[in-house]
Amino acid sequence: MAKTTIIPIGPYHPLQEEPEFFRLHVEGEKVVGLDIEIGYNHRGIEKLSESKTYEQTVFLVERICGICSTSHPLACVQAVEDAGEVKVPERALYIRSVIGELERLHSHLLWLGLAGHFLGFNTVWMWAWRYRETVLELFELITGNRNHYGMMKPGGVRRDIRTEDLPAIKKMVANLKGPLCLFRDAVTDDPLIHARLQGVGTLTKQQAIDYCALGPTARASGVARDVRKDHPHLAYGRVDWNIITAKNGDVFDKAMVRILEMLESVKIIEQCLEALKTVSGPIDANPKSIKPGEGIGTYEAPRGEVIHYILSDGGNRPARHKIRAPSFMNVATNQTTVIGHSVADATIILAAVDPCYCCTERMAAVDAGSGRRICSSGELIRLSQEKTARLKKELGLEGPRLAIKA
Amino acid sequence: MKREEIISLIREKLEGKIINWTEKSPRRIYVEARPEDIPEISRCLFRDLEARFSIATGTDTPSAMEVLYHWAFDQCGMFFSVRTKLNREKPEIESITAICRGAEWIEREMWELLGITFHNHPDMRHLLLSDDWPAGKYPLRRDYVR
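The listed protein sequences correspond, in order, to chains A and B.
Per my numbering, the very first residue in the first sequence carries number 1; after that it's consecutive.
Per my numbering, the very first residue in the second sequence carries number 1; after that it's consecutive.
Worth flagging that the hints you see were computed from the coordinates, not collected in a lab.
As the structure is a computational prediction, the values presented were derived from the model and not from experiment.
From the three backbone atoms N, C-alpha and C, an ideal C-beta is built for every residue, glycine too.
Do not rely on the hints blindly, as some may be mistaken.
Stated by the list, open to error - DMTMM-like mimics (lysine to aspartate or glutamate), calculated; alpha carbons at most 25 Å apart, straight line:
1) B:24 with A:50
2) A:229 with B:23
3) A:247 with B:50
4) A:229 with B:48
5) A:229 with B:74
Claimed, not checked - Restraint ranges, calculated between C-beta atoms of paired labels, are given here:
6) B:123 with A:395: 35 to 45 Å
7) A:170 with B:137: 47 to 57 Å
8) B:40 with A:291: 28 to 38 Å
9) B:36 with A:314: 26 to 36 Å
10) B:11 with A:130: 50 to 60 Å
Please take these sequences and the hints and turn them into a complete structure.
Next up, the structure:
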């Protein structure tokens with residue numbers, strides 16, 4: 001019988017959000033098993049939330065994740081509104097959708113850049129993050145913050161989008177389309193990316209259903225699941241857009257779904273901005289109290305459905321607040337997708353569900369017996385990049401061409 | 001499937017197993033069931049009616065330890081939440097992980113944070129708390145003191 005080596009991935013680092021720990025069981029170069037441990041930085045937010053007023057709770061959940069920093073508040077305020085039967089003004093719904101879609105853009109671009117880096121395409125990394133910068137500038141223009149936007153509140157939003165800002169915002173959003181199409185074409189047509197990502201880390205449709213996978217992880221496997229469409233809320237029922245799905249469920253499809261989704265996000269934002277020209281009125285219903293009852297709020301975060309459950313006893317703070325982020329369901333799918341692949345592919349497979357931070361940056365392989373570090377994060381990324389370089393040579397290919405016009 | 005179709009199928013297949021039926025709104029239904037009926041209800045919702053297991057909420061209430069299973073019917077944008085009340089002194093229930101793989105982690109979480117025993121869970125160990133967390137201390141219980 002072949003000797004099984006254990007490669008622990010993800011040493012805990014207190015400065016990072018949401019550390020995770022993967023223990024890869026490896027025979028030679030092949031991954032034969034995976035253990036996942038989470039909870040290294042359990043912050044007790046559900047418990048903490050019970051000591052906050054509803055308004056404060058929104059700021060608390062905004063800090064669950066720096067990347068999805070509006071998805072949690074969106075699900076949270078909708079849960080409070082569901083419990084208290086609060087009707088949100090129409091203008092606020094459009095503004096909420098704009099913020100939510102901008103977040104999807106910045107998050108997917110961030111992922112795309114990191115994926116490029118892991119594969120050894122550092123040009124993709126630099127360009128993706130360059131265009132992410134435009135999205136962060138848009139956030140600053142609309143909300144005053146590049147991150148942690150502080151826009152959501154039970155009953156509406158905290159800031160309006162000013163009519164005089166609309167032309168500038170529209171122009172910046174429109175300018176994103178060119179680069180996004182370029183990324184789409186670069187990935188779709190490039191034989192080296194095909195060789196590297198197709199058939200790697202496949203999650204079948206049935207597995208996606210069994211694991212209750214969410215977001216692009218599920219959609220890449222052919223499960224057309226998106227709470228923006230399925231559970232209509234905010235302005236998503238009032239604008240024209242499509243759910244993006246693929247059928248193979250491999251890393252290539254997960255990347256394609258995210259890239260195509262960004263184009264849909266731009267479509268949604270443009271329609272919402274157009275609507276904001278005519279839809280006037282208040283941006284906040286200003287609920288004074290939340291009556292006793294329970295409520296569920298969901299939002300399609302960049303990684304999939306976020307769900308918040310609020311139990312109100314009629315006081316000014318939640319009696320129980322349950323939060324479930326999409327990675328809680330998606331990360332478990334790694335238990336099946338990584339099996340049978342080489343260590344060089346493990347990096348991109350584990351990153352393909354887009355766990356809420358870049359797990360790979362904290363990767364290190366440690367000799368289980370002596371505790372000695374044998375393979376650092378840099379080395380694991382190097383293994384992955386070397387595989388690309390090897391394929392490049394074998395197939396005589398160049399890699400994606402990014403002829404970006406200034 | 002339309003909402004009405006799903007509701008009539010649930011009523012038909014789970015007759016006698018649902019004690020209390022509350023429609024908070026057309027898209028939010030809360031029902032109650034006995035703990036022993038939860039595996040059968042879960043099997044029916046997940047396998048037969050193709051609901052998605054979204055998450056479960058465990059709550060320590062003065063009278064009981066409650067578990068609320070949130071099932072999503074994405075075809076019609078409806079959440080169907082099944083509540084069950086367990087004995088506060090000795091909360092225990094059958095695991096539904098064998099029926100729905102997606103429930104594996106949340107059952108581990110409810111076990112360690114609320115002290116609910118899930119019988120026949122395939123891999124019951126700490127999820128969020130450290131492995132040396134003192135036995136019998138459950139941080140989400142009302143009477144928990146640090």
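Supplied distance hint 35 to 45 Å, evaluated on CB atoms of residue 123 of chain B and residue 395 of chain A: Holds: the Cβ-Cβ distance is about 42 Å, inside 35 to 45 Å.
CB-CB spacing for residue 314 of chain A and residue 36 of chain B relative to the 26 to 36 Å hint: holds, 33 Å
25 Å limit on alpha-carbon distance, applied to hinted pair residue 229 of chain A and residue 48 of chain B: Holds: residue 229 of chain A and residue 48 of chain B sit about 23 Å apart, inside 25 Å.
25 Å Cα cutoff - pair residue 229 of chain A, residue 74 of chain B: holds, 9 Å
Whether the CB-CB distance between residue 170 of chain A and residue 137 of chain B falls inside 47 to 57 Å: About 55 Å separates the Cβ atoms of residue 170 of chain A and residue 137 of chain B, which means 47 to 57 Å holds.
Distance restraint hint 28 to 38 Å, applied to the beta-carbon atoms of residue 40 of chain B and residue 291 of chain A: holds, 34 Å
Beta-carbon spacing of residue 11 of chain B to residue 130 of chain A - inside the hinted bounds 50 to 60 Å or not: Hint holds: Cβ distance 56 Å, inside 50 to 60 Å.
Given hint residue 50 of chain A paired with residue 24 of chain B - CA-CA distance at most 25 Å: holds, 23 Å
Holds or violated: residue 229 of chain A to residue 23 of chain B, with C-alpha atoms at most 25 Å apart: With Cα atoms ~22 Å apart, residue 229 of chain A and residue 23 of chain B stay inside 25 Å; holds.
Residue 247 of chain A paired with residue 50 of chain B [C-alpha distance capped at 25 Å]: holds, 19 Å
The structure agrees with every numbered hint stated previously.
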